[in-house]
Amino acid sequence: MIKTSESPDYVSTTNPCKVCAPLGVSLAIKGIESAMSIMHGSQGCATYIRRYMISHFKEPLDIASSSFSETSAIFGGKTNLMAAIENVNAKYEPKLIAVAATCLSETIGDDVKAYCAECSKESNTEIISITPPPFGGAHLDGFYAAVTSVLMGKSKSDKVRQKINIFPSIYSTADLRYMHQLVSSYFGEDYMLLPDYSQTLDGGIWGEYVPIAPGGTPLKKISSAHLAKTSIGFSPFLKDEINPGKTLESEFGVDFFGLRPPIGIRGCDDLTQLLCKKSGNKTNDYYLQERARLVDAYADCHKYTFGKRAVVYGDADFVAGIASFLDEVGITPVICACGTPFNEFEKYIDSCLEFTKPEIVRANVDFKTLDELLEGMDVDLLIGNSKGYRISRDRNIPLVRCGFPIHDRVGGPRFQHIGYGGTMNLLDHVTNTILTTKQNESPVGFSYQ
Amino acid sequence: MSSLLLNERKDQVMIKTENSGSISCEKTSLAGSVSQRACVFCGSRVVLYPVADALHIVHGPIGCASFTWDIRGSLSSGPELHRLSFSTDLQEKDVIYGGEKKLESALEKLIAEHKPKAAFVFATCITGIIGDDIGAVCKKVSDKVGIQVIPVHSEGFKGTKKDGYKAACDALAKIVGTGDTSNVPKLSINILGEFNLAGEAWLIQNYYERMGIEVVSIMTGDGRVEKIAKSHGASLNVVQCSGSLTYLAKHMEKEYGIPHMRVSYFGIEDMSKALYDVADFFSDYPEVREKAEKVVSEEISKIMPEITKYRQALSGKRAAVYVGGAFKAFSLIKALRLIGMSVVVAGSQTGNKSDYEQLKMLCDPGCVILDDSNPLELSNFVIEKGADLFIGGVKERPIAYKIGIGFCDHNHERKIGLAGYEGMINFFKEVYSSVMSPVWKFVPRKFGTLREVI
Numbered sequence: 001m002i003k004t005s006e007s008p009d010y011v012s013t014t015n016p017c018k019v020c021a022p023l024g025v026s027l028a029i030k031g032i033e034s035a036m037s038i039m040h041g042s043q044g045c046a047t048y049i050r051r052y053m054i055s056h057f058k059e060p061l062d063i064a065s066s067s068f069s070e071t072s073a074i075f076g077g078k079t080n081l082m083a084a085i086e087n088v089n090a091k092y093e094p095k096l097i098a099v100a101a102t103c104l105s106e107t108i109g110d111d112v113k114a115y116c117a118e119c120s121k122e123s124n125t126e127i128i129s130i131t132p133p134p135f136g137g138a139h140l141d142g143f144y145a146a147v148t149s150v151l152m153g154k155s156k157s158d159k160v161r162q163k164i165n166i167f168p169s170i171y172s173t174a175d176l177r178y179m180h181q182l183v184s185s186y187f188g189e190d191y192m193l194l195p196d197y198s199q200t201l202d203g204g205i206w207g208e209y210v211p212i213a214p215g216g217t218p219l220k221k222i223s224s225a226h227l228a229k230t231s232i233g234f235s236p237f238l239k240d241e242i243n244p245g246k247t248l249e250s251e252f253g254v255d256f257f258g259l260r261p262p263i264g265i266r267g268c269d270d271l272t273q274l275l276c277k278k279s280g281n282k283t284n285d286y287y288l289q290e291r292a293r294l295v296d297a298y299a300d301c302h303k304y305t306f307g308k309r310a311v312v313y314g315d316a317d318f319v320a321g322i323a324s325f326l327d328e329v330g331i332t333p334v335i336c337a338c339g340t341p342f343n344e345f346e347k348y349i350d351s352c353l354e355f356t357k358p359e360i361v362r363a364n365v366d367f368k369t370l371d372e373l374l375e376g377m378d379v380d381l382l383i384g385n386s387k388g389y390r391i392s393r394d395r396n397i398p399l400v401r402c403g404f405p406i407h408d409r410v411g412g413p414r415f416q417h418i419g420y421g422g423t424m425n426l427l428d429h430v431t432n433t434i435l436t437t438k439q440n441e442s443p444v445g446f447s448y449q
Numbered sequence: 001m002s003s004l005l006l007n008e009r010k011d012q013v014m015i016k017t018e019n020s021g022s023i024s025c026e027k028t029s030l031a032g033s034v035s036q037r038a039c040v041f042c043g044s045r046v047v048l049y050p051v052a053d054a055l056h057i058v059h060g061p062i063g064c065a066s067f068t069w070d071i072r073g074s075l076s077s078g079p080e081l082h083r084l085s086f087s088t089d090l091q092e093k094d095v096i097y098g099g100e101k102k103l104e105s106a107l108e109k110l111i112a113e114h115k116p117k118a119a120f121v122f123a124t125c126i127t128g129i130i131g132d133d134i135g136a137v138c139k140k141v142s143d144k145v146g147i148q149v150i151p152v153h154s155e156g157f158k159g160t161k162k163d164g165y166k167a168a169c170d171a172l173a174k175i176v177g178t179g180d181t182s183n184v185p186k187l188s189i190n191i192l193g194e195f196n197l198a199g200e201a202w203l204i205q206n207y208y209e210r211m212g213i214e215v216v217s218i219m220t221g222d223g224r225v226e227k228i229a230k231s232h233g234a235s236l237n238v239v240q241c242s243g244s245l246t247y248l249a250k251h252m253e254k255e256y257g258i259p260h261m262r263v264s265y266f267g268i269e270d271m272s273k274a275l276y277d278v279a280d281f282f283s284d285y286p287e288v289r290e291k292a293e294k295v296v297s298e299e300i301s302k303i304m305p306e307i308t309k310y311r312q313a314l315s316g317k318r319a320a321v322y323v324g325g326a327f328k329a330f331s332l333i334k335a336l337r338l339i340g341m342s343v344v345v346a347g348s349q350t351g352n353k354s355d356y357e358q359l360k361m362l363c364d365p366g367c368v369i370l371d372d373s374n375p376l377e378l379s380n381f382v383i384e385k386g387a388d389l390f391i392g393g394v395k396e397r398p399i400a401y402k403i404g405i406g407f408c409d410h411n412h413e414r415k416i417g418l419a420g421y422e423g424m425i426n427f428f429k430e431v432y433s434s435v436m437s438p439v440w441k442f443v444p445r446k447f448g449t450l451r452e453v454i
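Chains as they are written, first to last, in this note's numbering: chain Y, 1 to 449; chain L, 1 to 454.
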């Protein structure tokens, strides 16, 4: 039986399964060439976000703040924001500055958009305001809101630079690299991936400090996004106002396709078909073989995976993608839990499943609720970010760490989830976790499976 | 140096020379400078965090609670309520209609469920703006449930991280004095500003106990409400982290006549001084001093051979130090000197004038001294001064790695005890494994990129 998404009547959150929207904004902006973000609020917002993301990416994450004081909180933060923009310009010399509203600036009613417009007039740098839904929404909303605001706010070019725009969800840097490889195998250079932090948040040692890490989506391509023929997104139930592809479609007539997450054979096939169709090119041997290997691996693993029961938690796109993959190998995602309020979460999950049926699908869940839901349930593994470790340890259920954030292991950003290759990686991790448990629990400690 | 620094920051940086003047500090962070500091809320949250049997609830939107869930390596010997993250998770309608009812209901439910010995309610930017009367809600709930429910005035924008320390001290001060002190002996102290990272407080407590001194409360290290409540019965407050708990020490001096002294448990020299100073305070009991000498000599003789080994390997290497409180920087300079390493860049997020004066006296000529610095300045000076090692916190780590030098974590997340005599060896081992690792031989500045190599 599928229970409803309605959250129970409680008013506090214990051990949240979400972070705030400005974090998502900062992450998206890190994926744009020569861009800097300014959190328009207290110094803590920027610093906490940096600390949280550094622990995952293990890369520098310079995010500026307008450093509100009591005076700014009372009289508005305009003066501070102006100073912040000036100082960021002086020291970082970005080509684009994104100013994110925070809870504080929204509550006092600062008109960030107007401030940015005013600053833009006097500056050579493009300044774009981003005002994600400040409350209730979380990092994923901030992420998409940033992409949409940059697309719409950035000056437009009349030069066609790409045929297709790709709007990823919060993927790992390895995922983004894979997406580049995949899309360029059909479109050469004629595509845009926005955002793209594959290099900015997973780069080499510099030798000397570089103010803004190299890499990111080229600004020119963002300026030409409205002239592309097609856009693809991977969050089919995303609200229109923060959906970059939908917005481009309604404003500029760029055809938009909201695909399911490209995880698992079906999700990847959907993407492959669309790429073939839109590019007019055939899938090359590499991906044909990769898909063939994946199906072969599904066969190799099916006995270990079939009938197993997994709990998946995190942001909606992640949970839906992982559930879709589990469904294909016969693992039931018995609990699908999303940390934020999401009205269509159940529909989203349902659209990804064909062979299995979850027992609980619930949005707006914190880890305490998740733990309570697990009580008395027979579960073989947890799949999600490192914040589920506590439950995993207390209940002795193995955890497959993936998604964002991974704070207690290395390699989080290098974990590949998407595409045939990412699915293979997931399959190996999931199956080996099941095998490890089986081996550890065996009285004889067998050496062949 | 001039092109590197923003104009407004020029007087917050100086180089030690014969006639260098004083540094400017204790200012709010410059907008857009990418300060390494957090906010008022952060200051309060980290200080009170280790009180393990209290309920810590963040009254605000979710970010503040998410970012501070299980954030410190502060260990508890019993309850672990501090490791959970509670928040009222304010939504838009709460911002419009006020969050008092939500807070009240959250407190009642959570207190009934977790049965804490006290509750701390952290104010955030939002509750400061919408004008929730947190004090009134706390009082109402406290009257109803029979434990202290204490508002912490930690609105993020109301000053710097240091103001957060003060708000935390104000909250602790409300517990101090509420307990029974009849069983507290004369030979007793409180330890303030020790957070029991990786069990450090237990180590220190053991030293004092071997001197015949009872530690009444470590306040914020393996903290317990009951012990804090009777801490006013102690004869002396020993303050370890200079910035955070001094306010409470001063308050207790004024209110209860308990004198305080500043100590550091980091480094052999400072650790021994921390024991001797306490012994000398109880000079009416000469046996305490004797026992202290015995502790010091026993402990030092255990670690001396190891130190010699590290000194041979590390002598002449250079370090950069950027930490939260300035007192930690003093101890680091002295400790590094013990193994022949010099500090070429030294700075803190929250030092005051006299801290920086002392820092200047302590460090070698040419050392760059920084207040409230940022990644661009830090990286630049670290390279310019040819440091082999950077010592700092989570946000400094990738700076060090990107420029290709070793890094030691001296912050609140660490899992390795660095205090006391044992901690000294752990620290040198950390320094050794950071500086001597072969990986640095492969970084571009030394080894060249692939293009240069082939």
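For the record, the hints were derived by calculation from the structure and aren't laboratory data. No experiment lies behind these values; they were computed from the predicted model shown. Errors might be hidden in some of the hints.
[As the list claims (entries may be wrong)] Take a look, some chain Y residues computed to stay more than 12 Å from chain L by CB distance:
hint: 1; residue: D240
hint: 2; residue: S279
hint: 3; residue: R291
hint: 4; residue: G307
hint: 5; residue: T436
[Said to hold, decoys possible] Derived EDC-like pairs (lysine to aspartate or glutamate); straight-line CA-CA distance at most 16 Å:
hint: 6; chain 1: L; residue 1: K144; chain 2: L; residue 2: D163
hint: 7; chain 1: L; residue 1: K441; chain 2: L; residue 2: D388
hint: 8; chain 1: Y; residue 1: K58; chain 2: L; residue 2: E108
hint: 9; chain 1: Y; residue 1: K58; chain 2: L; residue 2: E80
hint: 10; chain 1: L; residue 1: K162; chain 2: Y; residue 2: D255
hint: 11; chain 1: L; residue 1: K385; chain 2: Y; residue 2: E70
hint: 12; chain 1: Y; residue 1: K277; chain 2: Y; residue 2: E290
hint: 13; chain 1: Y; residue 1: K78; chain 2: Y; residue 2: E118
hint: 14; chain 1: L; residue 1: K415; chain 2: Y; residue 2: D158
hint: 15; chain 1: L; residue 1: K115; chain 2: L; residue 2: D170
hint: 16; chain 1: Y; residue 1: K220; chain 2: Y; residue 2: E118
hint: 17; chain 1: L; residue 1: K144; chain 2: L; residue 2: D170
hint: 18; chain 1: L; residue 1: K446; chain 2: Y; residue 2: E208
hint: 19; chain 1: Y; residue 1: K163; chain 2: Y; residue 2: E70
hint: 20; chain 1: Y; residue 1: K58; chain 2: Y; residue 2: E359
hint: 21; chain 1: Y; residue 1: K308; chain 2: Y; residue 2: E359
hint: 22; chain 1: Y; residue 1: K78; chain 2: Y; residue 2: E122
hint: 23; chain 1: L; residue 1: K27; chain 2: Y; residue 2: D408
hint: 24; chain 1: Y; residue 1: K277; chain 2: Y; residue 2: D190
[What the hints assert, rightly or not] Simulated DEER-style distance windows between Cβ atoms:
hint: 25; chain 1: Y; residue 1: E208; chain 2: L; residue 2: K250; range: 56 to 64 Å
hint: 26; chain 1: L; residue 1: M436; chain 2: Y; residue 2: E93; range: 46 to 54 Å
hint: 27; chain 1: Y; residue 1: N396; chain 2: L; residue 2: M304; range: 40 to 48 Å
For every residue, glycine included, the Cβ atom is placed at its ideal position computed from N, Cα and C.
Outcome of the hint check:
Every Cβ of chain L is farther than 12 Å from the Cβ of D240 of chain Y; the closest lies at roughly 19 Å, confirming the non-interface assignment. Interface exclusion of S279 of chain Y from chain L stands, the closest Cβ pair being 32 Å apart, more than 12 Å. The claim that R291 of chain Y is not at the interface with chain L holds, since no C-beta of that chain comes within 12 Å of its own (minimum 32 Å). Distance to chain L confirms G307 of chain Y as a non-interface residue, since its nearest Cβ pair spans about 34 Å, more than 12 Å.
At the 12 Å boundary, the C-beta of T436 of chain Y stays outside the reach of chain L, the nearest C-beta of that chain being 24 Å off. Straight-line distance between C-alpha atoms of K144 of chain L and D163 of chain L comes to about 30 Å, which puts the hinted pair past the 16 Å bound. Distance restraint check for K441 of chain L and D388 of chain L: the Cα-Cα separation of roughly 12 Å lies within the 16 Å cut-off, and the hinted pair is therefore satisfied. A distance of roughly 40 Å separates the Cα atoms of K58 of chain Y and E108 of chain L; the hinted pair therefore is violated under the 16 Å criterion.
Of the supplied pair hints, the one linking K58 of chain Y and E80 of chain L is violated, its CA atoms being roughly 28 Å apart against a limit of 16 Å. Under the criterion of a C-alpha separation no larger than 16 Å, the hint pairing K162 of chain L with D255 of chain Y is inconsistent with the structure, at around 53 Å. The hinted pair formed by K385 of chain L and E70 of chain Y fails the criterion: a straight-line CA distance of about 38 Å is larger than 16 Å. Of the supplied pair hints, the one linking K277 of chain Y and E290 of chain Y is violated, its CA atoms being roughly 20 Å apart against a limit of 16 Å.
A threshold of 16 Å between alpha carbons decides the hint, and for K78 of chain Y with E118 of chain Y the separation of about 10 Å falls inside it, so the pair holds. For the proposed pair K415 of chain L and D158 of chain Y, the alpha carbon gap of about 55 Å is over 16 Å, so the pair is violated. Using a Cα cut-off of 16 Å, the hinted pair K115 of chain L and D170 of chain L is violated, with the two alpha carbons roughly 23 Å apart. With a CA separation close to 23 Å, the supplied pair K220 of chain Y and E118 of chain Y exceeds the 16 Å bound.
Restraint check for K144 of chain L and D170 of chain L: not satisfied, since their Cα atoms lie roughly 23 Å apart, outside the 16 Å limit. Restraint check for K446 of chain L and E208 of chain Y: satisfied, since their Cα atoms lie roughly 12 Å apart, inside the 16 Å limit. Restraint check for K163 of chain Y and E70 of chain Y: not satisfied, since their Cα atoms lie roughly 49 Å apart, outside the 16 Å limit. The suggested pairing of K58 of chain Y with E359 of chain Y is violated, with an alpha-carbon distance near 37 Å, which exceeds 16 Å.
The suggested pairing of K308 of chain Y with E359 of chain Y holds, with an alpha-carbon distance near 13 Å, which does not exceed 16 Å. For the given pair, K78 of chain Y sits about 15 Å from E122 of chain Y by alpha-carbon distance, which is consistent with the 16 Å threshold. Among the hinted pairs, K27 of chain L with D408 of chain Y is inconsistent with the structure: their alpha-carbon atoms are about 35 Å apart, more than 16 Å. Taken as a hint, the K277 of chain Y and D190 of chain Y pair is honoured in the structure, with Cα atoms around 15 Å apart against an allowance of 16 Å.
At roughly 44 Å, the beta-carbon separation of E208 of chain Y and K250 of chain L lies outside the given 56 to 64 Å, and the hint is violated. A beta carbon spacing of about 37 Å between M436 of chain L and E93 of chain Y contradicts the range 46 to 54 Å that was offered as a hint. Range check, N396 of chain Y to M304 of chain L: Cβ separation about 44 Å, and the 40 to 48 Å hint holds.
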